[in-house]
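Please work from the sequences and hints to get the whole structure.
These protein sequence lines map, in sequence, to chains A and B. Going by my numbering, the letters in the first sequence line up with residues 1 to 415, in that order. Going by my numbering, the letters in the second sequence line up with residues 1 to 174, in that order.
No lab work stands behind these hints, which were simulated from the structure alone. What you are looking at is a predicted structure, and each value in this text was computed from that prediction instead of being measured. Even for Gly, the Cβ is constructed at its ideal location relative to N, Cα and C. Among the hints, erroneous ones may be present.
Sample of chain B residues with no beta-carbon within 10 Å of chain A, all distances over it, derived [said to hold, decoys possible]:
id, residue
1, PRO54
2, ASP58
3, GLY68
Derived Cβ-Cβ restraints for the label pairs, each shown as a range [as the list claims (entries may be wrong)]:
id, chain 1, residue 1, chain 2, residue 2, range
4, B, PRO107, A, LEU305, 39 to 47 Å
5, A, ALA241, B, ALA7, 56 to 64 Å
6, A, LEU119, B, ALA53, 25 to 33 Å
7, A, LEU88, B, ARG170, 27 to 35 Å
8, A, GLY179, B, LYS100, 33 to 41 Å
9, A, THR203, B, ILE109, 34 to 42 Å
10, A, ASP145, B, VAL116, 29 to 37 Å
11, B, ALA7, A, LEU183, 37 to 45 Å
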Amino acid sequence: MAPFALVDDLGKLGAYAIYLLIGLAFGATLEVAGFANARKLANQFYLKDMTVLKVMFTGIITAMVLVFLASAAGVLAFNDIYVPPTYLWPGILGGLIMGVGFILGGFCPGTSLVAVASLKIDGLFFLLGTLFGVLVFGETVALFDEFWYSSYLGRFILPEFLGVSAGVTVLLVVLMALGAFWLAEKAENVFGRGVFDARPVSTPVRLAGAGGLAALALLVMGMGQPTPMQKWEILADDKAALLGERQVQIHPGELIQVAANHQLNLNLMDVRPERDFNLFHLLDSRRVEMEDLERGALTRELLDLPANTVTILISNDEARATRAWKMLTGEGIMNVYILEGGINGWLDLFAVNGACQGCQPKDGPAPEGELAWEFEAALGSNRPIANPDTFRDKAFFFAPKVELEVKERPAGGCG
Amino acid sequence: MKTSAKAKAFTNPYLAGVLLGVVLFGAYFLTGTGLGASGGMARLVAAGQDLLAPRHVDRVGHLVEMAGGEANPLDHWIVLVTLGTLLGGFLSAVLHGRLKVETQKGPRISTRTRWVMALLGGAFMGFGARMARGCTSGQALSGGAVLSVGSWAFMLAVFAGGYALAYFVRRLWT
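So, in structure tokens, the structure goes:
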């Protein structure tokens, strides 16, 4: 499933060749749009020639519709796509500064490259200026890095911000862009008749294009984005063997080892009902609702965790944790494991010789998914036995399975 | 100002936009990331600094990430995209008869003024693009298409900055 791990699949040279080709197509597209011409770009700000807005918004909505269509069809894993993280105020301040640079200099970085490539001297001066600005930023950022790292909201996308589905957002953005195009045409008619010639497109073709994009947006909305479980089903052919061969169910001893390893960031997630969690849970584990996992409510938070994070899922036995594992794996979360035997297994191993201080095994076998122990009171994590660190010096025999994996996920083009 | 007789007319903006969107989607689909331009420039600058003052680079946090120690700041996918952009722009300009040494400017200013303003505008742009962690390509276009909230706020800010100042510098362009 797309996107692909290009370096793994093609080697570094092959991957770099793809990036070169993408850049080539990008540069050629900017050039045919007329973006090597600073006057054409600057006229955007005098409402004479709205090419910048038209090209940019058409590009955005076309790519957006295709991305979410591919995601809805299950051929593109949206969570594996790099979404520029939101640092709100540095982004806004940087944008304002760039707006000033744009109107003074007539280009933005990408268009200045194309201007240089087509031998525009002003483009060359602009590019040199840009390099100087980059240099100044690198040398001074230490003076204001508190601001530069402020208002961090992570992978924050408009559907979350608006509180509507991705499909509805896609439709709204398309409609907004079409409205902007209508206004842009009006503005050009008033302020800039024929300032620059571009090959005209007849009204029927334009309407067909607008209608086509709106129809695709409606289709995206109608199809809806796959749920975590549906995403798992797409991956199941590849990944079900990990469960079957017990590659991801880790021994309690390995949990203890991971907890003691300060190079790893341990994320213990307990997926049991509140009642069981209150009776007993491991120290520093957090309870999460299966329902939240089912609708992907924790996905953004989990995707934003540091790359050295190991997530271990805990349930009474393994049933619920396995279900949760499938959903998190479907969502593209890396390094997720299941506590072998769950809480019952933990207690079987450690609650010997009264170590539990307040619990004992139930009579007879427990039904699947239920606690096999009973408790005098709600112990929570309030006993040494709930703390993995209690057992860190104990010797265990198990085959280690945790292996920190980092997805080949190129971060944005501007880092 | 019309383009020269020999040069072909620019592609219709909506059509160019669809092309751009398809290229951007292709980038996301194949590589998982969008387009960019300022990142390549930042790495070029870091490479220059690494050549002239490697020990300085190793002491500045912002540069260490790209060029600290043995790291080669140019060994990065975005550099290939940037090279490709140059190459693609060049090929397209050749094919469409637009490869021409010239300076584009408003009718009321001298060529030298245009150059000075281009240099100055570029400096603002370079500084701002690093501040915003991306430029029009990487943030506005790429981030906009995948609905990043920060990218949309950024995009509005760029337009706001441009429109706010446009009236006062109209001599430059009109």
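Practice item. Could you check the structure against the hints above and give me the numbers of any it violates, in ascending order? Key: Hints 4, 11 contradicted; others consistent.
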